[in-house]
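2 protein chains.
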Amino acid sequence: MGVPLNFRSGESPISINNLTTAMNAVLDNSVRSSHPMFMNQLYAGVDPIALAGEWASSALNSNVHTFEVAPILTEIERSMLAKIASLWLGENADGSAPDHDGLFVPGGSIANLYSMILARERACPEAKKTGMPQGYVAFCSEQSHYSYKKCAHMIGLGMDNMIKVDCGKNGAMLPEALEAAIAAAKAAGKTPFYCGATAGSTVLGAYDPFAALADVCAKDNVWLHVDGAWGGAALVSKQHKHLMNGVERADSFCWNPHKLLGIPLQCSIVLSRHAGEFMAANSYKADYLFQPDKNNTEADLGDRTIQCGRKSDALKLWLAWKYRGDEGWEKLVDHAFSLAKFVEAEVVQDTTGAWALATPAQCANVGFWYVPPRLRPFNKDTATPEQFAEIAKVAPKLKDRMQRAGDAMIGFQPVPALNLPNFFRLVLPNPRHNSETKLRELMKRMDAMGADL
Amino acid sequence: MGVPLNFRSGESPISINNLTTAMNAVLDNSVRSSHPMFMNQLYAGVDPIALAGEWASSALNSNVHTFEVAPILTEIERSMLAKIASLWLGENADGSAPDHDGLFVPGGSIANLYSMILARERACPEAKKTGMPQGYVAFCSEQSHYSYKKCAHMIGLGMDNMIKVDCGKNGAMLPEALEAAIAAAKAAGKTPFYCGATAGSTVLGAYDPFAALADVCAKDNVWLHVDGAWGGAALVSKQHKHLMNGVERADSFCWNPHKLLGIPLQCSIVLSRHAGEFMAANSYKADYLFQPDKNNTEADLGDRTIQCGRKSDALKLWLAWKYRGDEGWEKLVDHAFSLAKFVEAEVVQDTTGAWALATPAQCANVGFWYVPPRLRPFNKDTATPEQFAEIAKVAPKLKDRMQRAGDAMIGFQPVPALNLPNFFRLVLPNPRHNSETKLRELMKRMDAMGADL
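Chains as they are written, first to last, in UniProt numbering: chain A, 1 to 453; chain B, 1 to 453.
Just so you know, not all the hints are guaranteed correct.
Copies of the same chain look alike in the list, so a pair counts if it works inside one copy or between any two.
[As the list claims (entries may be wrong)] Calculated pairs, SDA-like style, for lysine to any residue (alpha carbon to alpha carbon, straight line, at most 25 angstroms):
#	residue 1	residue 2
1	K190	C124
2	K129	A180
3	K393	E68
4	K219	D99
5	K190	P125
6	K397	P377
7	K438	D334
8	K294	F388
9	K331	P4
10	K190	T130
11	K238	E11
12	K285	L418
13	K129	K190
14	K129	M159
15	K294	P36
16	K164	P133
Keep in mind the hints are simulated off the structure, nothing from the lab.
Bear in mind that the values here come from a model prediction, so they are computed numbers and not experimental data.
All chains should be modelled from the sequences, with the hints used to inform the complete structure.
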């Protein structure tokens, strides 16, 4: 790249020309996550207005920990949180936001971590001072994001005490399975305190049944958190927000606009329904930062956090939201959902035997197998173990070919719990420049590239 | 600002012209953290080359969790970590980097959190699965960053089990006090497992005596972490790196180039001296993200983290480091340190009685009182309680006047442990456009603005 990647000791300065060459090489050798054919992860495709906001926020280099150093950015964070709280909980009769507390945080895993700390503070306030006692257990679904397990590790609960609850065929948590898991834990002398539900699961896009889960949790005073990092975006759509029914009964909620809305990484929000909870759970009142004799300290966000420094991630979302309005996001989300349904229909209606549906379209996810001619016909309900073993090898090989050819990037994985060997998980986090035509062409190219596998 | 700060339900899109007006209002109402007179926090003043790297990284919107989606950015992160590991531990005879493991993370608090999780994994590997047992204790200094206490809260250790160790007059941890604290904990039946030391403390800029602390920690197999978020920058300076003597004996180390080097927020590194430790401590092996049958999965950084998504924070540092070379950083850091010494000398040599030294220059910090004429002479060693009470009120009032006038932003705080009432803590995280002349002028303005206090 004109400039060595690694460093020597006594590294010398290089010229701006060489630096430009190096920078171009970095860009040329990076994956085009904004390309419409990047459908590999739950983020992609930057919104250009939000990118302008991100650039401004980097140039300002403001840290949203105290009001005195980030006055307007603190207010913008609060304003954006109020907007999302209204989407989540519904607004008051006078149009104001409901009671809430929250923060922008670096990613969904840390958002889930916050929710678990809030739940621990309610269940066991002495943990903050004296440590996490043994005997507490938490729950998440079999199909939930792995951060729930990692958060259990982090907070000293232990991964074994984050109990996985069975899901139905669609990947949503079964309320009766949660109820049974809670009962089993109590029978074993444990104290259930937290349930992490999911709106838009990573692989299948499943929405847990929040109202039913809230009923179960209420019986044992279990904190209900909804990880809507991906699927929380349904809240902006009149057509799809029914998927979120009951979410307003959760104690906390997180959403990553850096996923389906295309806000630059990172843009994650975690909210609780009770004002003051973040401060109670996290404050330490460091006297050199949060002195009461400074101006406007009541507006400081910093002591409510587990970070000290926080870059402003609210400005970019605020700017893009003002520009696009609620209707802009609604159109975007509806388009993403409809494209997933389109691919599902293409697979289901296929008469060549090249495609088989693994998991139906939920959120903006759809799962399918590409079936090379030698493996046709493939039917997951009647397939032999040999056919399963063979189909499992197709997606890794075809993906490899597509990667090398610079074609679409699409993830694949198995779901052992649902007896699904490796299938393509197509997600649509960047629907702005995608269309039914492009997706149909993609499937043609996959068929051409994989026919001899 | 032309556009309402808050949102209504059914928020309509606004025009690009109104958006521009709003953006200008945001910029106009933000604190100029890149102004040379912003000396309020341990970050400021963006390096323009690094800013270009930050903008590129936002436009790429790459997530450094898997190699397949961020190939060159993964390599750049590894290359940058190797460079910092060489600075910290010294390079091998052949010029290669010593064994290490590490990550770029969103801020020093989270860096400290990682170190504590690594230490817990060594002391108590069952904690990952079964939870944090009672009985463990950790140590940090009286003058260390508050994140140590918050991390103890987070990992389920409890804030009370993060024991604060006394410091000397200069704010550095006393090794004999650490030894006594460890002995006392053991006598009380506790298991010491972690000591968080500091290179460049937040308020005083103090450097703990790392070699002596390492001797103490070695006796009881206590993990030694050095929080060099601010003062770790001394490693790039031949003149100042002696302050870091013994740091190479620490088990882990963190440094925030977003502080003294002026890399845009956030740019924080945490390193351990043992390869493989991050994976052992944090991995969960989520099968939809870190599948072994994908290409190049051995290069994935993601499962070593406690986040899932991570923006590339390495590119901006890499770019600026290539451009400035080791000598560029050395010059910058030496200048910052020398300006702090200059202000100290101005205060000490002052004959008007307007200034009194609270804490000598260490790292790029210096602490002093402004003494209005009615309180002169002020001598901290002979001051009456009334004089102490009066001087404590000066800094808040003078800072308020300076804030309203749009003059310099300088923090203040008391240090009760050292019997120091509110004093100005001047820090120099942005020395690029600062000079002795400008600082002398600042002191004149402070004197003029505060004379009637």
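Report task. Enumerate the violated hints, using their earlier numbering and listing them in ascending order. Result -> When the structure is compared with the hints, none of them turns out to be violated.
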